Structures are given as C-alpha cells and as structure tokens.
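Protein chains: 2
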Amino acid sequence: MKKKVCTIFYVSDGTGITAETVGYSLITQFKDIDFQQTRLPFIDSIKKAQAAADIIANTPSDFQPLVINTVVDIELRRIIHSAGGLKLDPFNRLLRRIEKNLGIERDPGVGRAHGISNKQRYDARIEATNFALSHDDGMRLNYVDADLILLGVSRSGKTPTCLYLALHYGLKAANYPITDDDLEAMKLPKEVMEFKNKLFGLTIDPFRLSQIRTERRPGSRYAELRKCQAEVSDAENIFHRNQIGFLSTTHTSIEEIAGKIMVELNFNRRLY
Amino acid sequence: MKKKVCTIFYVSDGTGITAETVGYSLITQFKDIDFQQTRLPFIDSIKKAQAAADIIANTPSDFQPLVINTVVDIELRRIIHSAGGLKLDPFNRLLRRIEKNLGIERDPGVGRAHGISNKQRYDARIEATNFALSHDDGMRLNYVDADLILLGVSRSGKTPTCLYLALHYGLKAANYPITDDDLEAMKLPKEVMEFKNKLFGLTIDPFRLSQIRTERRPGSRYAELRKCQAEVSDAENIFHRNQIGFLSTTHTSIEEIAGKIMVELNFNRRLY
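Protein chains in written order, with our numbering: chain A, -10 to 261; chain B, -10 to 261.
Think of the hints as simulated: they come from the structure by calculation, not from any bench. Each hint should be verified, as a subset may be incorrect.
[Claimed, not checked] Below, in silico cross-link-like pairs of lysine-lysine (DSBU-like), each with a Cα-Cα straight-line distance of 30 Å or less:
id : chain 1 : residue 1 : chain 2 : residue 2
1  : B       : Lys176    : A       : Lys249
2  : B       : Lys176    : A       : Lys76
3  : B       : Lys(-8)   : A       : Lys(-9)
4  : B       : Lys37     : A       : Lys108
5  : B       : Lys108    : A       : Lys108
6  : A       : Lys108    : B       : Lys89
7  : B       : Lys89     : A       : Lys249
8  : B       : Lys(-7)   : A       : Lys36
9  : A       : Lys37     : B       : Lys187
10 : B       : Lys187    : A       : Lys249
11 : B       : Lys216    : B       : Lys176
12 : A       : Lys185    : B       : Lys37
13 : A       : Lys76     : B       : Lys76
14 : A       : Lys37     : B       : Lys76
15 : A       : Lys37     : B       : Lys216
16 : A       : Lys108    : B       : Lys176
17 : B       : Lys249    : A       : Lys187
[Unchecked claim] From the derived model, a few chain B residues whose C-beta atoms are all more than 10 Å from chain A:
id : residue
18 : Ser14
19 : Asp21
20 : Asp62
21 : Pro207
22 : Gly208
23 : Glu245
[Unchecked claim] Label pairs and their in silico Cβ distance ranges:
id : chain 1 : residue 1 : chain 2 : residue 2 : range
24 : B       : Thr203    : A       : Asp194    : 25 to 31 Å
25 : B       : Val61     : A       : Arg129    : 25 to 31 Å
26 : B       : Glu116    : A       : Pro97     : 38 to 44 Å
27 : A       : Glu253    : B       : Arg210    : 42 to 48 Å
28 : A       : Arg230    : B       : Asn81     : 46 to 52 Å
29 : A       : Asp194    : B       : Gly92     : 24 to 30 Å
Small disclaimer: the values here were computed from a predicted structure and weren't measured. Even for Gly, the Cβ is constructed at its ideal location relative to N, Cα and C.
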C-alpha cells in the first residue's frame, strides 16, 4: 500500500538547521507516513515570506502541511502562517518557562544559533579542519598539538570522523592508519605510542570492510575478505594489548562515533 | 559585574545533538546569563541515568538547572528528573499535535535522529567526503561527477565549506583555487568553465585574508595586503564577467555559507 504523503517545511530566517533538526526528530517517530521535507532558509523579507507561503500552500499533501517556523519577525511569521499549515513552534513555550525560571525576559534580537556569533570559535574550527587535513592518514607523525589520534586499518572510518570532530567541535583530530608492518610487529610506532592518552581505535566488521575496499579496488588483495579479517583481528589485538579504547564503526553513524569518542576521551566541547 | 551562572544539561540516549541544538537556540536569547552547558549523551541505563542526575544536582548554579531531556525510556527520564532540574521537553507537545493532525499515534521505538537509520545515505556522505578530499584545491581537474565546484583565491574558505557540504548533505563538492595565472589571464581553465552551471564563487575581505595568510606564512608576499586586495578584486571581476554567483565568507559561518550555496544552486538535500 502506498504511504500517505505529509509535507513538512523548515522555515527560518537563518540556515534552518535548528528547525530541520527538530522537525526531523519529530517525523522519525511516525513510520507509516511519507514525509516530504522542504527547507526554506534565509526567509528575511516580505517577498521571500510570501514565496515561502506559496510553496507551503501549493505543495500536494494528504494532510495539513506541518510548518516548523523559527523566523523571529512577527510580520514575516504571519505571512508564513497565512498559508494554513499546522504551526509548530518548538521554542515559544520553552522560552516562557526559562524566562520565568531566570526572572529575565528574552532578547530575541541577540543570538542566532548557526550564525557567526564568535569569531574565535569560528577560527578554531577552521584551524582544526586544517590540522585534520594535514595530519590525515599518517601524513605527519607529529602529534604534539593533536587533541586526539584515531587509529585503525585502511577504510575503517578514520578520516570522516576526524573531519567531523574538527568541523563541529574544533578538535585537532589526527589519524594514523595501522600498516601491515605494524600488524606484523604487533606494535605501533613510537611517535604514536608517545601520546598514549590521546589514542582511540576504530574497528569495523571485516565483511563490511571487504565490501568498501572492493568498491575502491575491485579484485585486489587489499579487498580480499581473508586479508580484511586478518587485519581487523590483528588491529583489535593491538588495541587490547595496549589498553587503547576502541569502537566499531559498522552500525554507527559519524555523529555517534564522534560523540562516543568524546565521552571516552573526556572532551566536553560545544557543538558548533 | 559578574554574570550569574545557570547550568543547562543536554541529556539524551543518543548523541545529544538534537537536545544541544534546541538548547543552544534557547539560551542564545538570554545574553545576561553565563550558561554552563554540559552534554550528557548515551544515557541508556539506570546506572548512567543516576550518574547524570548526580551531575545535574551537584553542579553549582545560581538558578534551578535547565534540563533538555530527549531520553525516551520513562524510567530513565524519571531518574534524570529526580535531580530537580527544570524539565524542558521540546518534543512532547509538538508530537501530540502532529498525532492529532495525522490521526496516527507516534511509535517512539522507531527513528533516532542521528543514528545510522539509512545505510545508503550514510555511504553517500562518506563517498562525498572522499570526493571532496580528492578534488580539494584543484588536485584533480575532472569535474564530471561533481555536484558543484567552489572557486576562490587561496584561503577564502573553500575547503571547510566543501567538507561541510559533503559530510552533511552528501554533496560532491570540488574546489578550484584561482591561481595567479588565471587572474592575469582574467579567465578560468576550460576544465572548469565546461561545468558553468556547477560553479559558485567565494570571496573574502582583503584585510581578513591578509590576516589569515599572515598566520600561515608571516611576512610573505602571499600575505601582503596589497597582493590580497589585487587577488580578491580580480577574482570578483572574473565572477562578474562570467555571471558566476558568489558570496563573501568574511562574516558568515560555514553553516550559512553552505546553506546559501544550496539555495543559489537549487539543491534541496536533507541534512544528515
């Protein structure tokens, strides 16, 4: 049976990331509906608000459209809601409760969640991203400035995790690919072991690894299941022997991997 | 005068990204309070919930602690709220309204916003990230598979933007650094111009550019203000002449740059 369609719109005067994050969390709880999601970001003029209202009113939907609206300006809000969607404001009620708790009124003109509120933090994430790039894949074995060093066999998920940690948390995340030589010697280079408290390992199901490597180099020894099984098993042995914490990336999203690493290594950084 | 402190906790059985995104949006509207933010992710057992409650109860705060709690399990929620914080649930009320609109009850067991819900989409973002890395900084001038190509002078913000677009939207974002030769010839290579509809330019304030380049190579001609001014002005000329859309990264966050590029190039991709 074809699922019924419900449109949902993320309307914002900024990037719409907050509206989308909230809306996506809501709709994941209804599996029998086919939600058609549309982001309507940077709605900061009457003309754009009217265009947004037109889209909301005219996109086919089997239900009243859902509208997550985080636009601050009252006139623009009114135009957007003239389209007749179900108004879902994630903040208003919570803000009133916080105002009461603090005994202070909000100042809606102030922050913008994903704008450039703090130059220093912005620079930190750019610097961390550059660090991750220049210390990717064992390119430089100089980890004095690293906040953490991810270890793992080739294609276990190190690079995307490092980039995510850098872009979102400003962490200087290096990564070192465990080589065949390391596996044979059953130990890691001294440049790496020197920073034992910065180390964290990634592992992966060998079947999955073989699949990923096959896409990259079909028919190679590198992609053979037996080779992948041996590498993963040896790498996990190295982690165990050296008491290096590790986790499997097989059924884990980048966000979850990053989050768990930060818990394990005790980083309490803010999300950018 | 020293600001009063209010603790805020982002408690989740997953990554806590949704809770943090909501909470951060709320507190940006109160500028006179020093909010002490703590993420308490992966709270999925009674023991962890009790540890979280201890942290909430025992962290010094001039106000009742704020608790954004997105944990699903009722018993764990109860333990967390036994700490006496102000319960701020961003979803419950909205979910009830959506249930009414759809005539369907939610199924809380279903989705998890930042878990690995869709393998295909997960693979797409990894593939896009690899693409961004292998097509960074004009490394490969083969843009057949690119979704977009960012142009700009060295250090105008191309690389972090490409990585963000890849990691979050699965977009294959290449970037091409406009060279001195291009600027002198006042045109772009044919390998780039071939894909005119994929092009987007980044520009930057020359003072800011000079500052960034100085940090990288102090005292170099590359970092000289006059050189930066000439490069930026010539690059903008090339954009104008070729009717290539562009924006300035000077006062813009990575999220905003990415969002605006997607609007300009008409991508309606979901946020991962």
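The hints, checked one at a time:
1. B:Lys176 with A:Lys249: With Cα atoms ~47 Å apart, Lys176 (chain B) and Lys249 (chain A) exceed 30 Å; violated.
2. B:Lys176 with A:Lys76: violated (49 Å)
3. B:Lys(-8) with A:Lys(-9): violated (56 Å)
4. B:Lys37 with A:Lys108: Not satisfied, since the Cα-Cα distance of roughly 35 Å exceeds 30 Å.
5. B:Lys108 with A:Lys108: violated (36 Å)
6. A:Lys108 with B:Lys89: Distance ~44 Å between Lys108 (chain A) and Lys89 (chain B) Cα, so the pair is violated.
7. B:Lys89 with A:Lys249: The hint is violated at about 36 Å.
8. B:Lys(-7) with A:Lys36: Measuring from Cα to Cα gives roughly 41 Å; hence the hint is violated.
9. A:Lys37 with B:Lys187: The hint holds at about 24 Å.
10. B:Lys187 with A:Lys249: The hint is violated at about 37 Å.
11. B:Lys216 with B:Lys176: The given pair, whose Cα atoms are some 18 Å apart, holds under the 30 Å limit.
12. A:Lys185 with B:Lys37: Cα-Cα ~26 Å, so holds.
13. A:Lys76 with B:Lys76: Holds. Lys76 (chain A) to Lys76 (chain B) sits at ~23 Å (cutoff 30 Å).
14. A:Lys37 with B:Lys76: violated (36 Å)
15. A:Lys37 with B:Lys216: Not satisfied, since the Cα-Cα distance of roughly 39 Å exceeds 30 Å.
16. A:Lys108 with B:Lys176: Judged against 30 Å, a Cα distance of about 33 Å means the pair is violated.
17. B:Lys249 with A:Lys187: violated (37 Å)
18. Ser14: violated (4 Å)
19. Asp21: violated (6 Å)
20. Asp62: Given a closest Cβ separation of 14 Å, the condition holds.
21. Pro207: holds (16 Å)
22. Gly208: Holds, because the least Cβ-Cβ distance between Gly208 (chain B) and chain A comes to about 20 Å, which exceeds 10 Å.
23. Glu245: violated (6 Å)
24. B:Thr203 with A:Asp194: 25 to 31 Å: About 47 Å separates the Cβ atoms of Thr203 (chain B) and Asp194 (chain A), which means 25 to 31 Å is violated.
25. B:Val61 with A:Arg129: 25 to 31 Å: violated (43 Å)
26. B:Glu116 with A:Pro97: 38 to 44 Å: holds (40 Å)
27. A:Glu253 with B:Arg210: 42 to 48 Å: The hinted range 42 to 48 Å holds for Glu253 (chain A) and Arg210 (chain B), with Cβ atoms some 45 Å apart.
28. A:Arg230 with B:Asn81: 46 to 52 Å: holds (48 Å)
29. A:Asp194 with B:Gly92: 24 to 30 Å: violated (41 Å)
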